[in-house]
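Enquirer: Okay, here's what each chain looks like letter by letter:
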Amino acid sequence: MYNYNIDMGLVKKLEEKSIKIRKDLLNFIYRIGMGHLGGELSIVDIVVALYHHYMNYDPKNPKWEERDRLILSKGHCSETLYTIFSDLGMYTMDYMVEHFETLGTAKFGMHSNRKYVDAIEVSAGSLGHGLPIAVGLALGARMQKKNWRTFVITGDGELNEGTNWEAFMAAAHYKLGNLVAIIDKNSLQMTGFTKDVMTIDPLDEKLKAFGWEPVVIDGNDMYSVCEALQNLPPADPFVRRKPIAIIANTTKGKGVDFMENVATWHGGGIAKEQLDTALASVEKNRRVR
Amino acid sequence: MPVKTTFNFDQMLSSAKEAYGEEMMAMADDGLEFAFTYTDNVAPSTTAGRFVEKYPDRCFNFGIAEPNQVGASAGLALSGITVFAQVFGPFLSLRAADQIHTDIAYNDVNVRLIGTHAGVTAGGGPTHNCIADLALYRAIPNLTVVIPADADQCKKVMRQSMSRKGPMVIRIDRGGSPNVYADTNYNFSIGKAIETIPGNDVTIISSGSSVYWSMMGVKLLKEKHGINARLIDMHTIKPLDTDMIAKCAKETGNIVTVEEASINGGLGSAVAEYLCEHGFGGKFLRIGLPDEFAVLGDPDEVYKYYGMDPESIAEKTAILLKTL
Chain A
0 MYNYNIDMGL VKKLEEKSIK IRKDLLNFIY RIGMGHLGGE LSIVDIVVAL YHHYMNYDPK
60 NPKWEERDRL ILSKGHCSET LYTIFSDLGM YTMDYMVEHF ETLGTAKFGM HSNRKYVDAI
120 EVSAGSLGHG LPIAVGLALG ARMQKKNWRT FVITGDGELN EGTNWEAFMA AAHYKLGNLV
180 AIIDKNSLQM TGFTKDVMTI DPLDEKLKAF GWEPVVIDGN DMYSVCEALQ NLPPADPFVR
240 RKPIAIIANT TKGKGVDFME NVATWHGGGI AKEQLDTALA SVEKNRRVR
Chain B
0 MPVKTTFNFD QMLSSAKEAY GEEMMAMADD GLEFAFTYTD NVAPSTTAGR FVEKYPDRCF
60 NFGIAEPNQV GASAGLALSG ITVFAQVFGP FLSLRAADQI HTDIAYNDVN VRLIGTHAGV
120 TAGGGPTHNC IADLALYRAI PNLTVVIPAD ADQCKKVMRQ SMSRKGPMVI RIDRGGSPNV
180 YADTNYNFSI GKAIETIPGN DVTIISSGSS VYWSMMGVKL LKEKHGINAR LIDMHTIKPL
240 DTDMIAKCAK ETGNIVTVEE ASINGGLGSA VAEYLCEHGF GGKFLRIGLP DEFAVLGDPD
300 EVYKYYGMDP ESIAEKTAIL LKTL
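Chains as they are written, first to last, in numbering that gives the first Met the number 0: chain A, 0 to 288; chain B, 0 to 323.
Source of the hints: derived by calculation from the structure; they are not laboratory data.
Ideal Cβ placement from N, Cα and C applies to all residues, glycine included.
Just to be clear, a hint being listed does not mean it is correct.
[Claimed, not checked] One side only, chain A facing chain B, incomplete, derived with CB under 10 Å:
#1 68
#2 113
#3 127
#4 132
#5 133
#6 139
#7 141
#8 143
#9 146
#10 165
#11 173
Work out the full structure: start from the sequences and follow the hints.
Expert: If you want it as structure tokens, here you go:
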């Protein structure tokens, strides 16, 4: 790994933000009655670090041409993005609740739709689509000599889909140094542990064999997340190098004791009593350096 | 006004598959910006191959991986570039169906999917036949579907597509097809069907390479049966030019459709749906590939076997009109 000094003040600030986002997210899911809390909680730290610091991004102008692009390939976890958009002042929580999967004004869907929400780069829902699209975006940046970077977040269960491996091949073939894949490796998919449903390991060795540079981190540890994102190579599209895959070991349901590592929290709503317990749990598990 | 057509098969043979490469070259030379993605079937000796050699920085080969190619084409388009994506038709429509639906159409991006080897033109049997594509494409929102009748029309479609927003499929054959239009200086507009031959006894509505067979069929109808058939080149099957269908139904009464695709869900189905929903009471016949995996053989043999050749078109139409 690289040897960079990480600004501990920044790490603390992002840790605080992640705690707030987890609470906002729980409240949001409680109000809309449907979510995918397990996978949504596992990516909070990564998405917070990206939107609040590491992505070149202007919340006041989500279509700014020079912005870094983020594709949430695991589109069922879009509520994490919405919660962050709300925190960044782009849409109020009340507005999102009011317009969540509402006939006629269905602006915010369980699976994100770029037609309705400017801040969404790619409409998603069906799995295994994000990485090929990200390859195209990264090639597009190169073709147009643009310095923005493409991030894509995929689940580890999602890697069962063969299109990911076609895209891993293509990204390495084209030496897309301006592409970063983040694999939310929470080791669970809908019906159980990935090792029982469809073995994905050894993931780092597979990616290495596919011509990528894997970086394994603790995806729920902000220092580890910052270290990986800070050490990314330049986004210059003409720097041809191995694409980076950040294998983020995470915990499904992270921060809420009764949800952690429980496959059934893949999808569903949350009752009032569960919400109160969950919020208390996030506070109890507060870990700020 | 009907446009001038040609019946000179031998001298007018040209290939839409070559034409799309030629037109890409011409458009790039004219300074138009677009990307080209392809799979592992663009030979360097083709015009598309020469385009790749001349403009390597805008061309991306995805190997034998159609879903990835189509998904990446959506990504390229999302970065702000119009994309021409050439894909082997059967594998585009079936293997990359999810990517056409989700990545291209749902995201509503400017990708022009050039599906080659339409119908049975690839040869090689049912795995290489492209017959289910129209039924699929018709059910996907946002998608415009154009089937050029000849090589020149393919160029017109490509050039015109540069000023259109949203995704499009351009469906072309494998190899050489006769030119339908002797004078290429005619008005062409995506979504507006062309009255190719005038006539009042029956209307034959066709698209793609079957426009030429239908044209020959129209000639035989006149010569052998004294029937004046009108021929419509319905090059765009989505959105369908229903004004033209209504006009023909009103003026000629009887309608025959001819297409090189499965009889289920393609042009004939689209026309039938419109006619039924609008109280049309004339005779109606669909000619196309039946609901079975096609017999093996050269395309010409297969057409004859399934009654899609000019003689069969004329005969079936004459039977429909009870003059035979």
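Enquirer: Determine for every hint whether it applies to the structure shown.
Expert: Evaluated hints:
1. 68: Hint holds; residue 68/A Cβ to chain B Cβ min 8 Å, cut 10 Å.
2. 113: holds (6 Å)
3. 127: holds (8 Å)
4. 132: holds (4 Å)
5. 133: Check passed: Cβ of residue 133/A comes within 6 Å of chain B, closer than 10 Å.
6. 139: holds (3 Å)
7. 141: Holds: closest Cβ of chain B sits about 8 Å from residue 141/A, inside 10 Å.
8. 143: holds (7 Å)
9. 146: violated (13 Å)
10. 165: holds (4 Å)
11. 173: holds (7 Å)
This entry does not satisfy hint 9, going by the numbered hints stated previously; all others are met.
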